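Now for the letters of each chain:
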Amino acid sequence: MTSIGTGYDLLNSIFSPDGRNFQVEYAVKAVENGGTSIGIRAKDGVVLAVEKIIGSKLLKPGANKRIATVDEHAGVVYSGMVPDGRHFVDRARDEAQSWRQTLKTPIPTSELASRMGSYLQAYTMYGSVRPFGITAIVGGVDGSGDEVIDGVVGSGPSTGAGGKVDGKHGGPFLYVIEPSGQYWGYYGAATGKGRQAAKAELEKLDLAAGNITLEQAVKEAAKIIYNAHKDNKDKDFELEMSWISGVDGPTGGRHMEVPQELKEEAERLARAEDESDDEEDEKKDEKMEE
Amino acid sequence: MFRNNYDNDAVTFSPQGRIFQIEYSEEAVKQGSVVVGIASKKHVVLCAIKRNAEELSSYQKKLFAIDEHCGIAIAGLTSDARVLSNFMKQQALGHRLTYGRAMPVASLVDEIGTKAQINTQMYGKRPYGVGLLVAGVDEDGTHLFEFKPSGMTEELVGCAIGARSQMARTYLEKNIDAFADASKEELIKHGLQALHETLVQDKELTIDNTAVGVTGFKEGSKNKAEPFKLYEAAEVKQWLDAISESKEGNEGEGMDVDE
Amino acid sequence: MDHRPQAWGRPRDDVYGAYDHSFMNTNSHPNQHTQQPLVTGTSVLAVKYKDGVVIAADNLGSYGSFARFTDVKRLHTFQDTSVVGFSGDISDMQYITRHLHQKSIEESYASSSANKKSRLSAANLHTYLSKMLYRRRSKMDPLWNHMLVVGFDDDEKPFVGSADLLGTTFTAPTLATGIGSMLAQPLLRTYAGTDEEAAERTKEEAIKVIQECMKVLFYRDARSQETYSLAVVSREGVEMKTSEKLENMSWAFADRIKGYGTQTV
Chain W
1 MTSIGTGYDL
11 LNSIFSPDGR
21 NFQVEYAVKA
31 VENGGTSIGI
41 RAKDGVVLAV
51 EKIIGSKLLK
61 PGANKRIATV
71 DEHAGVVYSG
81 MVPDGRHFVD
91 RARDEAQSWR
101 QTLKTPIPTS
111 ELASRMGSYL
121 QAYTMYGSVR
131 PFGITAIVGG
141 VDGSGDEVID
151 GVVGSGPSTG
161 AGGKVDGKHG
171 GPFLYVIEPS
181 GQYWGYYGAA
191 TGKGRQAAKA
201 ELEKLDLAAG
211 NITLEQAVKE
221 AAKIIYNAHK
231 DNKDKDFELE
241 MSWISGVDGP
251 TGGRHMEVPQ
261 ELKEEAERLA
271 RAEDESDDEE
281 DEKKDEKMEE
Chain G
1 MFRNNYDNDA
11 VTFSPQGRIF
21 QIEYSEEAVK
31 QGSVVVGIAS
41 KKHVVLCAIK
51 RNAEELSSYQ
61 KKLFAIDEHC
71 GIAIAGLTSD
81 ARVLSNFMKQ
91 QALGHRLTYG
101 RAMPVASLVD
111 EIGTKAQINT
121 QMYGKRPYGV
131 GLLVAGVDED
141 GTHLFEFKPS
151 GMTEELVGCA
161 IGARSQMART
171 YLEKNIDAFA
181 DASKEELIKH
191 GLQALHETLV
201 QDKELTIDNT
211 AVGVTGFKEG
221 SKNKAEPFKL
231 YEAAEVKQWL
241 DAISESKEGN
251 EGEGMDVDE
Chain Z
1 MDHRPQAWGR
11 PRDDVYGAYD
21 HSFMNTNSHP
31 NQHTQQPLVT
41 GTSVLAVKYK
51 DGVVIAADNL
61 GSYGSFARFT
71 DVKRLHTFQD
81 TSVVGFSGDI
91 SDMQYITRHL
101 HQKSIEESYA
111 SSSANKKSRL
121 SAANLHTYLS
131 KMLYRRRSKM
141 DPLWNHMLVV
151 GFDDDEKPFV
161 GSADLLGTTF
171 TAPTLATGIG
181 SMLAQPLLRT
191 YAGTDEEAAE
201 RTKEEAIKVI
211 QECMKVLFYR
221 DARSQETYSL
231 AVVSREGVEM
241 KTSEKLENMS
251 WAFADRIKGY
261 GTQTV
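Residue numbers (the UniProt record's numbering), protein chains in the order written: chain W, 1 to 290; chain G, 1 to 259; chain Z, 1 to 265.
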């Protein structure tokens, strides 16, 4: 790496002569070593999934959760330095809470992503801090109807309230936020060690067409994580998945862990696919040998 | 003076995305004497080897009660541990006052994790130089957490940190299947066995250098905590005797004893 | 004309006389906080039965003696395990429910699994609310409510607790706030005077005594209303009904009442 030894990479917030902030680039390296995280924006909800590498046999199975609830309707998963991820989640919860306090409505996912983008950006601006060593995937389903505010007090007029705009409101959203503070909206997102393989699989799904249902997305997510783990086979892992549907869907608009039954089904399918792939590979190998 | 340019402070990433100051702080944990923790379904035990600075000095305490339902074991800088344990005591007590219940152990551990992470992201601060094992019980059952200077916290069924703790962890991994249904006595013995594994030649566990802490659920109760109890000096004799007997009894059964 | 910056935006001394600086001086008059509730809700009733608790309150928000809002829901569910019933100031109720909503979101951080019940029991919630009320009264700025918190305690036994604007708390097998504490509580005690008696009552019996008491209150409480909310909290969750109506009322006794108002005979 050309940066090393120039001195321009020793402090956050400074530019090198060719206009780069090396400390941010190094933070990205921390992300690239982390377990793979993915997010899928299906037509009726969002799925988040993460490959948790089991570093020790002594870890309590199923106990160390990596996907966090930020608000009722929004969740976060991240790859990279886990304590930094916790910091990110704490801040995201504060943002969601302060939004609720001032506007009495859940924070739109786009707004949450924007605020967290600004927060991470601030950590690239000063020599007194370091950038976050994580890339976060933020998923949420924004409400499409009217929210009940402060319970029901008086009926008010039954029609024509407060200048509501016709057309589509709310729906599922997915954003990825990088250590630099840059963020984009995605249909399918992947970060961490197995991101390349995961992205390739996500692209095959043609998510932009909006044909994939939430339940299908859960199964695809499991497959993708199993697939992305292939390059890291010597280590055990645990799959963790969460989902958010619309108000009329299975989670009632809330961010929740994927129910045990569905998760097991998804993992069964993922393993089956895994094995059949292996068989194919073996066949190919045999042919090659021939 | 420094090993490289990237290890001066906790706010500089190395080109590989590592932060050396955090890694060095975790070395400080390895300087501390060893502590072991194990959780069963009903109990959590902490066992520790205490050190004395010299022959005539007292032994440094390693186990501390945080609240009725929760205690910690420390390895590393004792003074840093005091900051954290005072903080934990305040949090746990505050929770009891406002909600009238014991603070869930996971929330308590999250609080110190968050606190420690801040020290790894700001210039002029340093990471804590101490690792903790947090043992506790709440409505969700028994819990054992490891806390690291990086702010990382993980829940485990058994853990050991401190000098030569790898030996203890190996012992725990070997016996992991026995823990879930073990009785309190069995759990303590496993803990002391694991401690014993870490000893260098001609060192022994004695009533002076060994401490045991236990919390768990009261007999026949699903959610009533048995207050965290510390056993020291003569109180640990029974278990020390028991493990030295069993060692003599079945020599070479997965335990290489230096004798 | 006075052109000094200090005089900008003020009435001209030569026209209105010297400016009264004491107007902005906060030391010249006492600092005032809430002195009275404005829009109010009347009594809340709650009784234990063997498998849970029944709680009720009518849907009226009174503005003094004016029946201002007729569909105010005064029972609030917390995480499908507890219910809080509010009497007193409606805007303070809204403030507290908003706060409780945030609390329940915070609770969900710890676990987002669908099959996990709340870990903050009604008893914990009652402690929390009473601390909040006491803190506010100690700042001489009370939240003007008297509320009943119902659900289960840490031993999973039915729980009914009261907390008021002074921070006073107590628990009992049956409780009522406001005028209900005088008119309904004696009747409720005939239903169950002790926890042991309450543990023998069925859900149907509990609902019945609540309905009877709501009737008595509607006969006599001038700040009450016919439509009310009724919630049953059991181990299965909360069953909330928000538009119950009092049945089989008879006002036949009314014309025999003497001695009030303008009657002369």
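I should point out that these hints are in silico values taken from the structure, not numbers from a laboratory. Keep in mind the model is a prediction, meaning the values are calculated, not measured. Wrong hints could be hidden among the right ones.
Here are the simulated EDC-like pairs of lysine to aspartate or glutamate, each with C-alpha atoms no more than 20 Å apart in a straight line [to be verified]:
| id | chain 1 | residue 1 | chain 2 | residue 2 |
| --- | --- | --- | --- | --- |
| 1 | W | Lys65 | G | Glu219 |
| 2 | G | Lys224 | Z | Glu156 |
| 3 | W | Lys60 | G | Asp202 |
| 4 | G | Lys222 | Z | Asp153 |
Here chain Z is said to cover these stretches of chain G; the calculated rule only asks that three of the stretch's residues, wherever they fall, bring their Cβ under 8 Å from a Cβ of chain Z [what the hints assert, rightly or not]:
| id | segment |
| --- | --- |
| 5 | 94-100 |
| 6 | 104-110 |
If you only want the chain Z side, here are some residues facing chain G, beta carbon under 7 Å, derived [stated by the list, open to error]:
| id | residue |
| --- | --- |
| 7 | Gln32 |
| 8 | Tyr128 |
| 9 | Arg256 |
Even glycine gets a Cβ: it sits at the ideal position worked out from N, Cα and C.
Hint check results:
no., hint, in the structure
1, W:Lys65 to G:Glu219, "violated, 30 Å"
2, G:Lys224 to Z:Glu156, "holds, 12 Å"
3, W:Lys60 to G:Asp202, "violated, 34 Å"
4, G:Lys222 to Z:Asp153, "holds, 14 Å"
5, 94-100, "holds (count 4)"
6, 104-110, "holds (count 3)"
7, Gln32, "violated, 28 Å"
8, Tyr128, "holds, 5 Å"
9, Arg256, "violated, 50 Å"
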